[in-house]
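The chain contents come next:
2 protein chains.
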Amino acid sequence: MTHAQRGLVPAALQRLDKAEIIRSRERIAELAHTTPVMTCQTFDREIGAELFFKCENFQRTGSFKLRGAANAVFSLTHEEGAKGVATFSSGNHGAAIALAARARGIRAFVVMPERATPVKRAAIEGYGATVIDCPGGPPEHERELARVIEKTGVIYIHPFNDARVIAGQATAAFELIHEVPNLDVLITPVGGGGLLSGTALAAAIFAPRIKIFAAEPDGANDAYRSLKAGKLIPVGNATTVADGLRTSLGSLTFPVIRRHVHKIICVSDTEILDAMRRIWERMKIVVEPSAAAALAALLKKSAVFAGKRVGVILSGGNVDLNLSGYGAPDPA
Amino acid sequence: MTHAQRGLVPAALQRLDKAEIIRSRERIAELAHTTPVMTCQTFDREIGAELFFKCENFQRTGSFKLRGAANAVFSLTHEEGAKGVATFSSGNHGAAIALAARARGIRAFVVMPERATPVKRAAIEGYGATVIDCPGGPPEHERELARVIEKTGVIYIHPFNDARVIAGQATAAFELIHEVPNLDVLITPVGGGGLLSGTALAAAIFAPRIKIFAAEPDGANDAYRSLKAGKLIPVGNATTVADGLRTSLGSLTFPVIRRHVHKIICVSDTEILDAMRRIWERMKIVVEPSAAAALAALLKKSAVFAGKRVGVILSGGNVDLNLSGYGAPDPA
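Listed in order, the protein sequences are those of chains Z and Y. All the letters of the first sequence, read from the start, carry residue numbers 1 to 332 under the numbering used here. All the letters of the second sequence, read from the start, carry residue numbers 1001 to 1332 under the numbering used here.
Since the hints were made in silico from the structure, they are not lab data. A portion of the hints provided could be inaccurate.
[To be verified] Computed beta-carbon distance windows for the label pairs:
| # | chain 1 | residue 1 | chain 2 | residue 2 | range |
| --- | --- | --- | --- | --- | --- |
| 1 | Y | T1239 | Z | A146 | 54 to 60 angstroms |
| 2 | Z | A146 | Y | V1037 | 33 to 39 angstroms |
| 3 | Y | G1307 | Z | T270 | 46 to 52 angstroms |
| 4 | Y | A1229 | Z | L321 | 35 to 41 angstroms |
| 5 | Z | G128 | Y | D1184 | 31 to 37 angstroms |
| 6 | Y | E1046 | Z | K301 | 24 to 30 angstroms |
| 7 | Y | D1184 | Z | A29 | 28 to 34 angstroms |
| 8 | Y | D1044 | Z | E26 | 51 to 57 angstroms |
A virtual CB, placed ideally from N, CA and C, is assigned to each residue, including glycine.
Please take these sequences and the hints and turn them into a complete structure.
And the structure:
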């Protein structure tokens, strides 16, 4: 029985099988790095597990988002590609679309909320995309995006609710599963669910004995509540430091997560920031709060993972650094 | 003509030849990582060179200091080892001595200045060493260390002015030279000169066409001034954010540096902190200010390095993180 034959999978995802994940990985190979896997004795000891960190903070553009964006952009037909692409993003997906479009030699438009950080805006423009600043909230953003698409005729690439994007995100777990044998668990953060559903599909197809977990901020716990209720309950006003996890699940990602994800562990912003600081200090790598949520969940529920071999997808490393504590006069 | 026959080398370093560096690397292999080499397109473009970063921030204990400390501790005879070891350190060398002593199963004492950060103190105690807090300045520290040595009969291991330590530090450049062929330049930061003299000796022995540069903070530029004057001019009151570079050269390191180092480039604390921030942001790795000094020098004098293949030793990643900028209320 193939994955698609098990039912419950949205029609748009039924072609997302073994061959399609392998094809996606080949499709993005020219642009995306095969990121390294790191280990950390301190965290292993503390949790009593063997952790394998898939370092998507070292991915080009600084996050896993490049995988999905590149797969989507490189999947376009010649005619579609000639039109260009557009998306809405406050950061990582926008940079990923911009770089993928540049690599393909097509134009890209990124609608950004006004509050997006100058650093992220500069990164997207640095890759040659046109940034369209948009004040207001989600309704205004959607209207502006629709206006851009209508005016320019470009192809819209959704940040997560898109089969090509999900297949691209699945390549991170695909690589991890093949580099580290006999994993018992995979854990990712969850926002819109692109990474989580891609990870869950890759595991279901290539290593079905792996249990899938996700980490979600208390202030944006729609996935936790949706799984509990058995229906999509979008979060109203997300409040979390993990800016990549403020979005709610979509119509494609929710059914996959409902079917394949074992448990969602909710963590507070304090727990996320503490885990982030500890990753920086101990592993000497820069990860963003969204990425640290996964370690925060492992530390919080360590008993669940004791004795297990756990793959952790560190989703990205794009942070605005505040170094104001440095350079203070030496007290000696 | 062997290296030692060229003259000008202090007697204590005359045995530091090709065989001894290879032996040192074998001696420390059970404890020290062969650290990865990273590249960064952004910095390559900006400087117009090919940079190869030797990531000693990923070394055990978080800095290259482990190499020298392990080589010294593992070089002791059975009788010497039975006595234990002692050193003075405000951080990285102390942690390195503590871990090396634990690995050999011998006791270690680390005299620390009172102003040493609690994090560094905890790390040293975590490795099982006895920390002796010592108020006052260098005269008091020396007296306290002498007292400890007299009382306990342990062997003193100087942070840099020791042939075994210098041979250990040489193994970082040894690895880099063998992993990355045809380097034109090697650059390290310089404080007491252990890393720099070890690097210079490794290059002189294994790849003599490589030019050696060093980066030094304006506020502790004794190496720059000593090279210019042709004699050791210790810095009086070092003031720099790069806490690993506040020390002055020693009687063993100065002659090696005088003989083999092409140029010392001085950088300001602002340039160091800017380079550090950019390494964190672009490479997604955590390095300490001392390590960032080398990139600061490359950025400052980029014309010197244009078109060259440059090996950069990122000396360490031990920082006290200030994350006070995180978790602020979301403005949206």
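Structure-based check of all given hints:
Distance hint check: the CB atoms of Y:T1239 and Z:A146 are about 58 angstroms apart, consistent with the given range 54 to 60 angstroms. Between Z:A146 and Y:V1037 the beta carbons are some 47 angstroms apart, a value that contradicts the proposed interval 33 to 39 angstroms. Y:G1307 and Z:T270 have their C-beta atoms about 49 angstroms apart, which keeps the hinted 46 to 52 angstroms range intact. At roughly 39 angstroms, the beta-carbon separation of Y:A1229 and Z:L321 lies within the given 35 to 41 angstroms, and the hint holds.
About 32 angstroms separates the C-beta atoms of Z:G128 and Y:D1184, a value consistent with the hinted range of 31 to 37 angstroms. Take Y:E1046 and Z:K301: their Cβ atoms lie about 44 angstroms apart, and the range 24 to 30 angstroms is violated. Between Y:D1184 and Z:A29 the C-beta distance comes to about 31 angstroms, which sits within the given range of 28 to 34 angstroms. Checked against the hint of 51 to 57 angstroms, the C-beta distance between Y:D1044 and Z:E26 comes to roughly 27 angstroms, which is inconsistent with it.
Consistency with the previously given hints fails for numbers 2, 6, 8, ordered from lowest to highest.
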